[in-house]
Amino acid sequence: MPISLHYSPITVADPEAALPFYRDALGLPVAQDVAAGGQRWITLGDTGGTQIVLSGPSAGRSAEDGEVLEELIAKGAFGPWVFSTDDLDALFERASSNGAEVVQEPAEQPWGPRDAAFRDPSGNLVRVQQR
Amino acid sequence: MTPERRQELVLLRRARDLIDRRYAEPLDVPAIAASVHLSAAHFSRRFRAAYGETPYQYLLSRRIERACAMLRGGASVTQACMAVGCTSLGSFSSRFTELVGMTPSAYRAEQHPESRMPDCTARLLQRRTIAGRTSRIREARRGPAA
Chain A
89 MPISLHYSPI TVADPEAALP FYRDALGLPV AQDVAAGGQR WITLGDTGGT QIVLSGPSAG
149 RSAEDGEVLE ELIAKGAFGP WVFSTDDLDA LFERASSNGA EVVQEPAEQP WGPRDAAFRD
209 PSGNLVRVQQ R
Chain B
-7 MTPERRQELV LLRRARDLID RRYAEPLDVP AIAASVHLSA AHFSRRFRAA YGETPYQYLL
53 SRRIERACAM LRGGASVTQA CMAVGCTSLG SFSSRFTELV GMTPSAYRAE QHPESRMPDC
113 TARLLQRRTI AGRTSRIREA RRGPAA
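So the protein sequences, as listed, match chains A and B. To get the working numbering, take the position in the first sequence, counting from 1, and add 88. Number -5 in the working numbering belongs to position 3 of the second sequence; there are no gaps in the numbering.
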């Protein structure tokens, strides 16, 4: 029975502030944008592939837990979320010219892939590797 | 979280990312602190409060971790030492021994179950092992980082 990851939540300090990074810098299409109870859930990625869902630290949690989570996110405790692309150099160019915070330029890793790394505006680590 | 607290964490995170990115270059704590416009002493204190180890310990762990991976892959002790930004073989060997519990050449000669794991997993395992030993390091308050 085949099974695959359908979507992964990514908790960000502010979904709206995170959107340009995921949509414009990485180039993920917005699939859904839902607001309820002062929170927002933004789904990105092609239908049929693995999608991500951006939401705030206190979406579905207590304010106390949200506060702790937000500190950890800012400290860079979460990630990497690892994407792949067939043109890493072009993607890197677009992401950095869109103002993405670069953690690592495209490079061959000792453990195999050629990849680059970014921080999203909240501090989550995102890696993109050459397919 | 106050904006000031967030700003502080962002600076500390950028400094830590800088270590991850440039640990193989000649890099010391004052230079890292300067990159985020903080004094070395204040930066070290705040980094430790946020991450549980000083920037010097973090930099050294990164260097030794990478050296371990290279030694497992068959690099010579001198190659590993140079590749991780340590210029003195003697000081590299003694820091390595403090952290890993054996000399680089003994480590190189051993069988490593980590080499049967994906490298990124082995790296995490290594980091936990090293982190458990950092209390044995005396802080170098002066002089080059390695």
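There could be a bad hint or two in this list.
To give an idea of the chain B side of the interface with chain A (calculated C-beta under 7 Å), a few residues [stated by the list, open to error]:
id, residue
1, M(-7)
2, R(-2)
3, L1
4, D9
5, R14
6, R40
7, G44
Label-pair ranges, simulated between beta-carbon atoms [stated by the list, open to error]:
id, chain 1, residue 1, chain 2, residue 2, range
8, A, D134, B, H104, 21 to 29 Å
9, A, E152, B, M74, 31 to 39 Å
10, B, A41, A, Q218, 36 to 44 Å
Below, in silico cross-link-like pairs of lysine to aspartate or glutamate (EDC-like), each with a Cα-Cα straight-line distance of 16 Å or less [unchecked claim]:
id, chain 1, residue 1, chain 2, residue 2
11, A, K163, B, D12
12, A, K163, A, D134
13, A, K163, B, E45
14, A, K163, B, D20
15, A, K163, B, E90
16, A, K163, B, E17
If you are wondering where the hints come from, they were derived from the structure by calculation, not from laboratory data. By construction, the Cβ of each residue, glycine as well, lies at the ideal position given by its N, Cα and C atoms.
Evaluation of the provided hints:
1. M(-7): OK, holds: M(-7) (chain B) within 7 Å of chain A, min 5 Å.
2. R(-2): 6 Å, holds
3. L1: 4 Å, holds
4. D9: The hint holds - D9 (chain B) has a Cβ within 7 Å of chain A, the shortest such distance being about 5 Å.
5. R14: The hint is violated - R14 (chain B) has no Cβ within 7 Å of chain A, the shortest such distance being about 10 Å.
6. R40: 13 Å, violated
7. G44: Status violated, d = 11 Å.
8. A:D134 to B:H104: 21 to 29 Å: For H104 (chain B) against D134 (chain A), whose Cβ atoms are near 41 Å apart, the range 21 to 29 Å is violated.
9. A:E152 to B:M74: 31 to 39 Å: For M74 (chain B) against E152 (chain A), whose Cβ atoms are near 49 Å apart, the range 31 to 39 Å is violated.
10. B:A41 to A:Q218: 36 to 44 Å: 38 Å, holds
11. A:K163 to B:D12: Measuring from Cα to Cα gives roughly 14 Å; hence the hint holds.
12. A:K163 to A:D134: Between K163 (chain A) and D134 (chain A) the Cα gap is close to 30 Å, so the pair fails against 16 Å, i.e. violated.
13. A:K163 to B:E45: Judged against 16 Å, a Cα distance of about 14 Å means the pair holds.
14. A:K163 to B:D20: 21 Å, violated
15. A:K163 to B:E90: 28 Å, violated
16. A:K163 to B:E17: 24 Å, violated
Hints 5, 6, 7, 8, 9, 12, 14, 15 and 16 from the earlier list are contradicted by this structure; the remaining hints agree with it.
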